[in-house]
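Novice: In case you want the letters, here they are:
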Amino acid sequence: MKEHQKNKSLLDTSNIHKESGFEVPKGYFDHVEDQFSINLAEESIPDTSGFSTPDDYFDQLEDCILAKVAPEKKVKVISLQNKLYKWSSVAAILLVTLSAILYYTIPREEFNSEEAFAWIDNNLESFSENDIAYQFDEAIEFEEVELFPSSDGNIQIENFLDENDTYILIENSNISLDQIN
Amino acid sequence: MVEEAILVEQLQDTKTKEQAFRVLITEYKERLYWHIRRIVISHDDADDVLQNTFIKVFRGIDNFKQDSKLYSWMYRIATNESITFLNKKAKESNVDISELKQQMVSGLYADNWFSGDEIQFILQQAIATLPEKQQIVFNMKYFDNMKYDEISKVLDTSVGGLKASYFHAVKKIENYIKTKVD
Chain U
490 MKEHQKNKSL LDTSNIHKES GFEVPKGYFD HVEDQFSINL AEESIPDTSG
540 FSTPDDYFDQ LEDCILAKVA PEKKVKVISL QNKLYKWSSV AAILLVTLSA
590 ILYYTIPREE FNSEEAFAWI DNNLESFSEN DIAYQFDEAI EFEEVELFPS
640 SDGNIQIENF LDENDTYILI ENSNISLDQI N
Chain R
3 MVEEAILVEQ LQDTKTKEQA FRVLITEYKE RLYWHIRRIV ISHDDADDVL
53 QNTFIKVFRG IDNFKQDSKL YSWMYRIATN ESITFLNKKA KESNVDISEL
103 KQQMVSGLYA DNWFSGDEIQ FILQQAIATL PEKQQIVFNM KYFDNMKYDE
153 ISKVLDTSVG GLKASYFHAV KKIENYIKTK VD
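These protein sequences, in sequence, are chains U and R. Residue 490 is where the first sequence starts when you use my numbering, and the numbers rise one by one after that. Residue 3 is where the second sequence starts when you use my numbering, and the numbers rise one by one after that.
Hints listed in this document are in silico derivations from the structure and should not be mistaken for laboratory results. There may be inaccurate statements among the hints.
Unchecked claim - The calculated lysine to aspartate or glutamate pairs, modelled on EDC-like cross-linking and capped at a C-alpha distance of 20 Å, are:
(1) K71(R) to E120(R)
(2) K165(R) to D552(U)
(3) K173(R) to E551(U)
(4) K17(R) to D552(U)
(5) K557(U) to D151(R)
(6) K31(R) to E531(U)
(7) K557(U) to D46(R)
(8) K149(R) to D552(U)
(9) K180(R) to D519(U)
(10) K557(U) to E176(R)
(11) K174(R) to E531(U)
(12) K557(U) to D113(R)
(13) K135(R) to D519(U)
(14) K17(R) to E531(U)
(15) K165(R) to D545(U)
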């Protein structure tokens, strides 16, 4: 093949198209004009919006947002409050039970309050759950109730009281402000 | 960057949720802020909407099923929060949303957090003249450089529809700028 014939063959775009193996999305050439028109129009539009922010705005965002989602823990606080009710109930039950035991086990003439408290302190550990439960008609599920709050629990209660303002505490306790004022 | 699937897993685990959420905020705060800011205009409003967006993400992450990408889901929340915010503000001011937008843009020169020049001010005026959806499509495509299929997942609109919206938006903005500058 002569050189000029060879070049002619190479420049024949129909051959290139058929042999290159490349393809374009369907309808691609229908939008070339539009795309070109958009590109031209975009050149007349500024690249940036001109908006700015305070210098350290983004540095503080994590802490700021996490502080706002922290009240989610309020839900736990409510359950903690429920635990308080449980503990109060158990304390009341214990008091009544121990008083009843004392009433029947300590001779009347020897009974006085100081001795009673000393006796409770000395003998508290000797009472089994069954001894206490025996004093009640209804069965008590002791496994469900934590008799003595852990130190962790105490810390949670203290935190709860410290972190919530008085009005929130009053609101959660179902006591009306009128009752207090 | 933590792989998205791992991050979602950590976000849905109570033990790791808070730490993972900090990572999530760090990763997306700027992109979401600028997306919101271009819709609501003012920095203070953008800050409020951004924080509400992240709070909604925090509360809703347990129900996120990974049917879509995390960023698409978050962009969708941010967009909805921004539009809801504007609607509420318009209602409070007793004007429609396009009038509100024009008012907000008019106040930009007095805004401490707008450092744009005259052409950027005109650009904001031009954007405010567009229908709401065209504004959002323009901002996402032009400023955020998002691909049409990404925008499609956020706005739940066909790629063809988005291309048409963007085309009309760009042409209108070009014409607006020409008439103001000439």
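Novice: Now, for every hint given, state plainly whether the structure supports it.
Specialist: To see whether the hints hold, each was checked on the structure:
no. : hint               : in the structure
1   : K71(R) to E120(R)  : violated, 38 Å
2   : K165(R) to D552(U) : violated, 39 Å
3   : K173(R) to E551(U) : violated, 39 Å
4   : K17(R) to D552(U)  : holds, 18 Å
5   : K557(U) to D151(R) : violated, 34 Å
6   : K31(R) to E531(U)  : violated, 27 Å
7   : K557(U) to D46(R)  : holds, 17 Å
8   : K149(R) to D552(U) : violated, 32 Å
9   : K180(R) to D519(U) : violated, 27 Å
10  : K557(U) to E176(R) : violated, 42 Å
11  : K174(R) to E531(U) : holds, 11 Å
12  : K557(U) to D113(R) : violated, 27 Å
13  : K135(R) to D519(U) : violated, 25 Å
14  : K17(R) to E531(U)  : violated, 48 Å
15  : K165(R) to D545(U) : violated, 37 Å
Taken one by one, the earlier hints fail for this structure at numbers 1, 2, 3, 5, 6, 8, 9, 10, 12, 13, 14 and 15, listed in ascending order.
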